[in-house]
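A.B. asks: Sequence:
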Amino acid sequence: MRSSDDIKADLKKLSAKAMQAKMDLHDLSEDLPLGVERVIAVAERVRDAYAALEARRAELKALEAAS
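For the sequence shown, the residue numbers in the working numbering are 105 to 171.
No lab work stands behind these hints, which were simulated from the structure alone.
A few of these clues could be false.
[As the list claims (entries may be wrong)] Using 30 Å as the maximum straight-line C-alpha spacing, the simulated DSBU-like pairs for lysine-lysine come out as follows:
1. Lys-165 - Lys-112
2. Lys-165 - Lys-121
3. Lys-126 - Lys-112
4. Lys-126 - Lys-116
5. Lys-165 - Lys-116
6. Lys-165 - Lys-126
7. Lys-165 - Lys-117
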C-alpha cells in the first residue's frame, strides 16, 4: 500500500500536469481556427489529466479514512 506522503507527491505532479494541459487548451482556443485539428486531442489530454488527479485524490481520501 502506498503511503500518504507518496500519494501527496503524486497529487502535486498530477496537478501540475492537469494545469499545463488546461493552459494548452486555453492557448489553442485563442488561436482558433488555427490548430482546430488538435482541439480534440488536447481536450482528451485535459480530461485524462483531471481524471487521474481525481482518482489519486480519492485514493488519498480512502487511505486517510482507513487510518
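A.B. asks: Can you give the numbers of the hints that this structure goes against, from lowest to highest?
C.D. replies: Violated hints: none at all, because every hint is consistent with the structure.
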